[in-house]
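Visitor: Chain by chain, the residues run as shown.
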Amino acid sequence: MAPNTRTILICSGKGGVGKTTLTANLGIALAKQGVRTVVLDADFGLRNLDLLLGLENRIVYTAQEVLEESCRLEQALVKHKQEPNLALLPAGNPRMLEWLKPDDMQRIVEMLREIFEYVLIDCPAGVEDGFKNAVSATKEAIVITTPEVSAVRDADRVIGLLNTQGIKPIQLVLNRVRPKMIASQEMLAVDDVTDILALPLLGLVLEDEQVIVSTNRGEPLTLSGSNSPAARCYSNIARRLQGENIPLIDPAKEEQGLRAKVRRLMQTKIF
Amino acid sequence: MTLRDILNKLLGRQQASATTARERLQLVLAHDRSDLSPELLDQMRKEILEVVTKYVEIDMEEGAVSLETEDRMTALVANLPIKRSKLTTEKA
Ligand SMILES: Nc1ncnc2c1ncn2[C@@H]1O[C@H](COP(=O)(O)OP(=O)(O)OP(=O)(O)O)[C@@H](O)[C@H]1O
Ligand SMILES: [Mg+2]
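The listed protein sequences derive, respectively, from chains A and B. Numbering of the first sequence is given in this note's numbering, commencing with residue 1 and proceeding in unit increments. Numbering of the second sequence is given in this note's numbering, commencing with residue 272 and proceeding in unit increments.
It should be emphasised that the hints constitute simulated quantities derived from the structure, not laboratory data. Mixed in with the good hints, there may be bad ones.
[Claimed, not checked] As a list, the in silico DSSO-like pairs of lysine-lysine whose alpha-carbon atoms are at most 27 Å apart:
| # | chain 1 | residue 1 | chain 2 | residue 2 |
| --- | --- | --- | --- | --- |
| 1 | A | Lys79 | A | Lys139 |
| 2 | B | Lys354 | B | Lys325 |
| 3 | A | Lys32 | A | Lys79 |
| 4 | A | Lys14 | A | Lys180 |
| 5 | B | Lys317 | B | Lys354 |
| 6 | B | Lys280 | A | Lys180 |
| 7 | B | Lys280 | A | Lys261 |
| 8 | A | Lys101 | A | Lys32 |
| 9 | A | Lys269 | B | Lys354 |
Modelling step: build the complete structure from the supplied sequences, incorporating the hints.
Guide: In structure tokens, the structure reads:
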């Protein structure tokens, strides 16, 4: 049994802001560091984690059969070929949503905690039953948002709910950051978002086309050791989770030259 | 306010959209967090003013009741400049 297992829910409120991509990349990055990690797809309605990890063809059983006791947990876990420290527990049939209860979710996570050092739960969007079930089974949370008003507002709602459930710590990941837009003040700056949400920042992820390429292939960016901007961000986040002190990437420094200097000057807060 | 905002103001241009986003978010989150709709807040503002004006005469033009939020704590802030106290004038 792994005594110090960390169970972390990856959630956002608003859909499509990057939960599943973050879960897949963190899972691989942690496994690479030699930690036994499992990613649990708690999005039973619209499961995608299998696809992002390139494991969709290797699923035999799911969380559903485990709960119904028609298979053993080990039979349902899909081990990643290149990174055997990582396993996926696939989401069951969407009809599971009709009967799944917080108890069921807790039971699954308890089983996983026996085997793994990290349990990462990919949460469904929204704040309804799927979210509540997932929250009931977690200790910590990572809230991910993009620097857009609607995503930040929904993140705030989720943080409020996590707080009332006593989830601790709750850390923030800011996704799809575009340094150019921040420099020209057409995008909320990193500090704006952390101030508004009043959460410690676990990391930011730059907007990066390579994310789409890697999704196409079913090979998360952290798998190949790619040096693309988002890949660096994801592995930094994994290392910070592990307690390493990695400085944040400064979006302003991603931009160089005189023009960038002028833009930075214009951003100076006067009052 | 940033240097760009000041420049924009001088040139009569719109403020940077990030600044607008920040302001709008702060307002909407203060309401979300307190679970108070603008209508409810308005009703509360009226009732508070009613009660207060029973005791003191206040400057309606300057007065404001609003929600302010910092570090996930929302406060109801009433700023009601008093012209004079009704009780003391009655006694006099
Ligand atoms: N840093 C990034 N740069 C570019 N594209 C990104 C980035 N992060 C996520 N995306 C894209 O955003 C889309 C949504 O990502 P993802 O599926 O991870 O979000 P989600 O929060 O899990 O969505 P859902 O709420 O539907 O489960 C995907 O097409 C993904 O490729
Ligand atoms: Mg998803």
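Visitor: Each hint needs a verdict: does it hold in this structure or not?
Guide: The hints, checked one at a time:
1. A/Lys79 / A/Lys139: Judged against 27 Å, a Cα distance of about 24 Å means the pair holds.
2. B/Lys354 / B/Lys325: holds (13 Å)
3. A/Lys32 / A/Lys79: holds (14 Å)
4. A/Lys14 / A/Lys180: holds (24 Å)
5. B/Lys317 / B/Lys354: Satisfied, since the Cα-Cα distance of roughly 18 Å is no more than 27 Å.
6. B/Lys280 / A/Lys180: holds (22 Å)
7. B/Lys280 / A/Lys261: The hint holds at about 22 Å.
8. A/Lys101 / A/Lys32: This hinted pair is violated, its Cα atoms lying about 33 Å apart.
9. A/Lys269 / B/Lys354: This hinted pair is violated, its Cα atoms lying about 37 Å apart.
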